[in-house]
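Number of protein chains: 2
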Amino acid sequence: MAERRRTSYSVHREVLDEGAVDVMAVKSEPKTSLKDKVKGAMRCSGPRMKSCLLGSVPVVSWLPRYSIKENALGDLVSGISVGIMQLPQGMAYALLAAVPPVFGLYSSFYPVLIYFIFGTSKHISVGTYAVMSVMIGGVTERVAPESNFMIWDNITNSSIVDSAALDAERIRVAVAVTFLSGLFQILLGLVQFGFVVTYLSEPLVRGYTTGAAIHVIVSQLKYTFGISPLRYSGPLALIYTVLEICYLIPKTNIGTLVVSIVTIVCLILAKELNAYLSKKLPVPIPVELLGVIIATVISWQVDLNGRYGVDVVGEIPSGLQPPVVPATSLFGQVIGDAFALAVVGYGIAISLGRIFALKYGYKVDSNQELIALGLSNSFGAIFQCFAVSCSMSRSLVQESTGGRTQVAGALSAIVILFITLWIGRLFEDLPKAVLAAIIFVNLHGIMKQFLDVPALWKSNRVDMLVWVVTFILTVLLNPDLGLAAAIGFSMLTVIFRTQLPKYSLLGQIPNTDIYKPVEDYDQVRHIPGIVIFRSSATLYFANAEMYQDALGEKSGIDITKVLSAKKKLEAKRKRQEKKAAKKAKKELQKNGGHMTGEPNMEQQKDIAIIEMEFEPDPSLPRAIVLDLSPVNFLDTVGVKTLKSIRKDYGEIGIEVVLAGCQTGVVDNLQKGGFFNDKVTKSCLFATVHDAVLHCQAAKTKSRRDDETEYITLDSDQEEIKATHF
Amino acid sequence: MAERRRTSYSVHREVLDEGAVDVMAVKSEPKTSLKDKVKGAMRCSGPRMKSCLLGSVPVVSWLPRYSIKENALGDLVSGISVGIMQLPQGMAYALLAAVPPVFGLYSSFYPVLIYFIFGTSKHISVGTYAVMSVMIGGVTERVAPESNFMIWDNITNSSIVDSAALDAERIRVAVAVTFLSGLFQILLGLVQFGFVVTYLSEPLVRGYTTGAAIHVIVSQLKYTFGISPLRYSGPLALIYTVLEICYLIPKTNIGTLVVSIVTIVCLILAKELNAYLSKKLPVPIPVELLGVIIATVISWQVDLNGRYGVDVVGEIPSGLQPPVVPATSLFGQVIGDAFALAVVGYGIAISLGRIFALKYGYKVDSNQELIALGLSNSFGAIFQCFAVSCSMSRSLVQESTGGRTQVAGALSAIVILFITLWIGRLFEDLPKAVLAAIIFVNLHGIMKQFLDVPALWKSNRVDMLVWVVTFILTVLLNPDLGLAAAIGFSMLTVIFRTQLPKYSLLGQIPNTDIYKPVEDYDQVRHIPGIVIFRSSATLYFANAEMYQDALGEKSGIDITKVLSAKKKLEAKRKRQEKKAAKKAKKELQKNGGHMTGEPNMEQQKDIAIIEMEFEPDPSLPRAIVLDLSPVNFLDTVGVKTLKSIRKDYGEIGIEVVLAGCQTGVVDNLQKGGFFNDKVTKSCLFATVHDAVLHCQAAKTKSRRDDETEYITLDSDQEEIKATHF
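Order-wise, the sequence lines are chains D and R. Residue 309 in full-length UniProt numbering sits at position 309 of the first sequence, with consecutive numbering throughout. Residue 122 in full-length UniProt numbering sits at position 122 of the second sequence, with consecutive numbering throughout.
Simulated from the structure, these hints should not be mistaken for laboratory data. Please read all numbers here as calculations on a predicted model, not as lab measurements. For glycine and all other residues, C-beta sits at the position ideal for the given N, C-alpha and C. Be aware that a few hints might be false.
With a Cα cut of at most 25 Å, we get these calculated SDA-like pairs of lysine to any residue [claimed, not checked]:
id: 1; chain 1: D; residue 1: Lys671; chain 2: R; residue 2: Leu505
id: 2; chain 1: D; residue 1: Lys572; chain 2: R; residue 2: Asn71
id: 3; chain 1: D; residue 1: Lys574; chain 2: R; residue 2: Thr405
id: 4; chain 1: D; residue 1: Lys363; chain 2: D; residue 2: Glu577
id: 5; chain 1: R; residue 1: Lys363; chain 2: R; residue 2: Asn71
id: 6; chain 1: R; residue 1: Lys279; chain 2: R; residue 2: Ser400
id: 7; chain 1: D; residue 1: Lys502; chain 2: R; residue 2: Ser400
id: 8; chain 1: R; residue 1: Lys271; chain 2: R; residue 2: Gly74
id: 9; chain 1: D; residue 1: Lys554; chain 2: R; residue 2: Ser400
id: 10; chain 1: D; residue 1: Lys567; chain 2: D; residue 2: Lys579
id: 11; chain 1: R; residue 1: Lys579; chain 2: D; residue 2: Ala72
id: 12; chain 1: D; residue 1: Lys568; chain 2: R; residue 2: Leu505
id: 13; chain 1: D; residue 1: Lys681; chain 2: R; residue 2: Ser629
id: 14; chain 1: R; residue 1: Lys586; chain 2: R; residue 2: Lys554
id: 15; chain 1: D; residue 1: Lys566; chain 2: R; residue 2: Ala357
id: 16; chain 1: D; residue 1: Lys566; chain 2: D; residue 2: Ser619
id: 17; chain 1: D; residue 1: Lys359; chain 2: R; residue 2: Ser564
id: 18; chain 1: R; residue 1: Lys458; chain 2: R; residue 2: Met447
id: 19; chain 1: R; residue 1: Lys561; chain 2: D; residue 2: Arg404
id: 20; chain 1: R; residue 1: Lys554; chain 2: R; residue 2: Gln523
Just some of the chain D residues that point at chain R, by a computed CB distance under 7 Å [claimed, not checked]:
id: 21; residue: Ser8
id: 22; residue: Ala25
id: 23; residue: Ser28
id: 24; residue: Trp152
id: 25; residue: Ser201
id: 26; residue: Val205
id: 27; residue: Gln523
id: 28; residue: His526
id: 29; residue: Ala550
id: 30; residue: Glu553
id: 31; residue: Leu563
id: 32; residue: Phe633
Go ahead and model the full structure; you've got the sequences and the hints to work with.
Rendered as structure tokens:
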């Protein structure tokens, strides 16, 4: 450190304005035109085609190079572990999506296989995901509400739900929205729109998933308590549902509640044990699978359903379903939800994928990921899957149990296939409350995200605001609308941040060329007679007026007052001159037409008085340096503002120069008509110090110039008068 | 110029990092806390109260100082001229608002008087305005459509419109929306929300008024052709209306069309004459008034209404209307429109007011203007006016005929009062087609705004896009929704502009401390071994990923590749070391437990090989300087990006330093946890040149350091091995 300080900074050169820089550094002409760029992008060649093809089916490039020795064991263990996790999660998330549990198993199989072929992330576990499932649940329950499927039961003489028809319709809806969201993802991927995910900043995604988790919890409470609340949709649905549940709590099915509580407590204890033993065990204990098996056995033996009225999973068809064509007639009703699903699913998958890519030093291609997910969803939908993304908890297991490539995912799909084909039926007695308990325990990680709020409060208040607003909007407006509103809000924060900049006067750190805000440092000094002004943000339409106001306020120059005072003086001057001219005329007539050409003594005195008054206030600075280095771009309003500042202050004798403009900003100025015959690039300086040196050097000179100007002006007017006579 | 260049720039100092700057310039503690600031803002004192009161009723401060000698004559002439213009314009714009013409006269009277008391602009002519009127027309015709007022006429045996009831209802609607928009304006003014107008950038306002003018024209075509098309509302209403009009054109009333054409031709000719004579006439000829008078006389004499079926103005009640309470029951239906009216009315008035204020060197207070307009509207609404703003054409007449203060406006209101009370009735025979013609001719100025498009194409493409999109949205979505969409779009452009920055590598202009983009200049040189990278925009969530990608691409360092190569080497190294250790163990056993502590020859060779491979690629740069001077703020994503860049490149032996951070950015870094024990402010440099000098000086030193590190590492491992044995 001490050694470093000894490095000395020594520069000796001429003061450089932008024009001089252009000459010195030889400004080059733009080399490639837009046309060439388009041509370059459209160019089609053999190697290009090949790399494009390989890029779109990544499995072709990495599978042949798969090293069995290095990866096979890890992938196998990891694949089986993840497959075992997929079983209870898939069934539980199917409940969230309001479709029968077996469809969660399908969704854990087809899409995973497709992703294996097209995906680029080696560690994420594609499949059912709580947030996506709850969003689908919102759609299915809105488009196919229970009330549409009431039939009259002759036995009990009351209307009951025709659950077979209801389930069939809900599956149709889920398939339609999934297919459409897959199409959206493919489309976005093809037009290279992967960058949309950049709008999903981290605080936004975390606030959003936390808000969605609240929806997940509320939608599962009915299984925990064994009640059947009405469904609400639209904004504030969550609030109404919670009120409804509170109202129905006295009707709780005690058996179901006991099952729920026991399962939750056992799962939490088992997970703690797992965490405690994590270093000693090669593979974590599949607590969820054990829970499901034990619960099923107990339920079957005790006949929980028949004796205590505990709701169970019910019939699970063996084998796979034949492919169906998605119901295009539903597309119109679900198009908005499909788009939201496409964006959210992609956003979650890519952010998780990037974390692992960074950790293991490879790259995920955001556009290819979009296409892979899109194909998984649309192809999966044909086989009656609902929309998938990737799950945090499963992906962590996949990674920690030694998974190294997408092969682990493919193996987990095979495990699921095996279960679906042969073992699935055994779970028909599983209480739904157990699945709800699994969901609750799995939300543990997301709930930890509430700790972001105090952390962000310390590090960045605006980001905390984004988190909190996203969370509230998601909870109140439902996940789909909430996401749109939250993205809108997070963009507004960018506007606000640039719109409410900090304006400061800069001063010099003594004996250096460095200028820092005067209010932040005690030992920086004002340059006498020169105001150096900087806005912390870009100058554009939303803050142009404030820029002008702040300049006036900070520099202490009330430009309108000074200008109007000057105008009044000028008017007075004109009147006095008129009077003087009249007098001169009279005298001329008195002198008998003899024109002296020189004003007499009295006139000279008058003019002297006016000139004295006209002299700019000595308390005013002689120059203003606008430091534009934080400016990213200028729009027409920005250019006009700078122009008018130069003009206004110029009129009262203050020179305005700009410093530190980027190349793009200089272009904006040029195209915006800032420069003309009088204003050239010589009023732009490379650094603030250059500008200050120029102003200091110009000071004495300009004072002389000004006087010369006055003299010229006076003699001009004399001339005019002379010709008018 | 030549003289200026001779000013020389000479600096000799130590290289300064941010820590050194803090010490040297003595960074000061923040002086005022948020609490003090709030206290300061809430402080209440006598003089403060007085200035606040004077500020809210400006007439109290300027009227007593009114100089009759200087201003009275100009104000009188200007007031009468503007009053005469208000008459035909008020009646014409009432047609636009779909209310009887006399209400246009009321709207030219009450609001003008209120503005006289509360307004701060001396030159704008408050009153009816085409764009506002067409917006009100949209509301009245939507809430009170003709179809609701059909009655059965026993005489003709067909259903006709009950126009009395229709007019009464439409007036109720217009009054309600006007009152509400006035309330919005007062409210916005009280919470100091005048700055919202900053979102209405100039290209947006001009595109918007042009689009609104198209609506004005289309809504007047029915009077020109004497047809009665159906009314459409909602998006695309304009298109449907135009189609409907085309369909109805064969039913044109020939008499009306003749009146329209003759009036338009005469008005255009008269206006041209006016422009031609403008320098010779002290006051322009009131062509519109003359047109109205002549048309009325002809219509009355020829009985255009009875003989040719030309639609005329009809009954005009004498005198003023008693005040009424606005229909609060309608507020719910018109709240959105009222807000749009409030924003648009204010936006137009303030932008015109500012132009004159700049020209004459006084100040308009944006919040006070909001309150003044709000009072004008809400108070006017009680007397059955519709929403007002200010008209460009009238304001220009008011200024050019010598108006100097708000007194001119008050006098124009008195002229209108006089006409309303005594002369109004005379205009009952005036054909509505004449009023439509007046509107068309007055739109001439707005239509000229189409020329903005080629001008903006040359100066600023993004602003041109804003203009065009605003225009299209306004035309297609109607003025209210169009405005909201256009504001949304113009904000998006800000995001896009910062989101798609230009990334460049900087090079040094030889023999200076100035760094410019290499691609823009031919004579700037790369500093060997140092990459200097700059993004033209702020670094935040929407472009953080691109920043990383661009850095990799521009610097030519494939960080993931280098990192994974390094990881592989490390793994290999570990394996080899294990092997070596095994061998050593074997040898140890062979040597009979005698531990030499020194690896034998073979081992040394192995380690040497690994070390050679481990040495970073010599083609890689040794340091990266990130120029952050264009960064306005950093969010958490931005800070994390910088952190990960430092970490990743650090791992492959490239030092990353930052240069040119603003004070606020340093704060962001600090709060965001960028600094820790190892990373201090010494990696932040005041300028790029400082950073470069530091890196050059550190180069040789660091190479030595690195070697030392390897040696330390090796001996460490030797020790570990030694203890394990």
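Now the hints, each set against the structure:
1. Lys671/D with Leu505/R: 24 Å, holds
2. Lys572/D with Asn71/R: 16 Å, holds
3. Lys574/D with Thr405/R: 23 Å, holds
4. Lys363/D with Glu577/D: The hint is violated at about 79 Å.
5. Lys363/R with Asn71/R: 19 Å, holds
6. Lys279/R with Ser400/R: Satisfied, since the Cα-Cα distance of roughly 11 Å is no more than 25 Å.
7. Lys502/D with Ser400/R: 40 Å, violated
8. Lys271/R with Gly74/R: Holds, because 23 Å separates the two Cα atoms, which is no more than 25 Å.
9. Lys554/D with Ser400/R: 35 Å, violated
10. Lys567/D with Lys579/D: 18 Å, holds
11. Lys579/R with Ala72/D: 24 Å, holds
12. Lys568/D with Leu505/R: Not satisfied, since the Cα-Cα distance of roughly 53 Å exceeds 25 Å.
13. Lys681/D with Ser629/R: 21 Å, holds
14. Lys586/R with Lys554/R: 51 Å, violated
15. Lys566/D with Ala357/R: OK: Lys566/D and Ala357/R at ~15 Å, within 25 Å.
16. Lys566/D with Ser619/D: Answer holds: Lys566/D to Ser619/D is near 15 Å, not above 25 Å.
17. Lys359/D with Ser564/R: 10 Å, holds
18. Lys458/R with Met447/R: Holds, at roughly 20 Å.
19. Lys561/R with Arg404/D: 17 Å, holds
20. Lys554/R with Gln523/R: Holds, because 19 Å separates the two Cα atoms, which is no more than 25 Å.
21. Ser8: 6 Å, holds
22. Ala25: Cβ of Ala25/D sits 4 Å from chain R, so the hint holds.
23. Ser28: OK, holds: Ser28/D within 7 Å of chain R, min 5 Å.
24. Trp152: Violated - the Cβ of Trp152/D stays beyond 7 Å from chain R, reaching only about 41 Å at its closest.
25. Ser201: Result: holds, 3 Å to nearest chain R Cβ.
26. Val205: 10 Å, violated
27. Gln523: 4 Å, holds
28. His526: 13 Å, violated
29. Ala550: Check failed: Cβ of Ala550/D comes no nearer than 13 Å to chain R, outside 7 Å.
30. Glu553: It is violated, given that the least Cβ distance between Glu553/D and chain R is near 13 Å, above 7 Å.
31. Leu563: Leu563/D check passes; min Cβ-Cβ to chain R is 4 Å, inside 7 Å.
32. Phe633: At about 5 Å, which falls below the 7 Å cut-off, the nearest Cβ of chain R leaves the hint on Phe633/D intact, so it holds.
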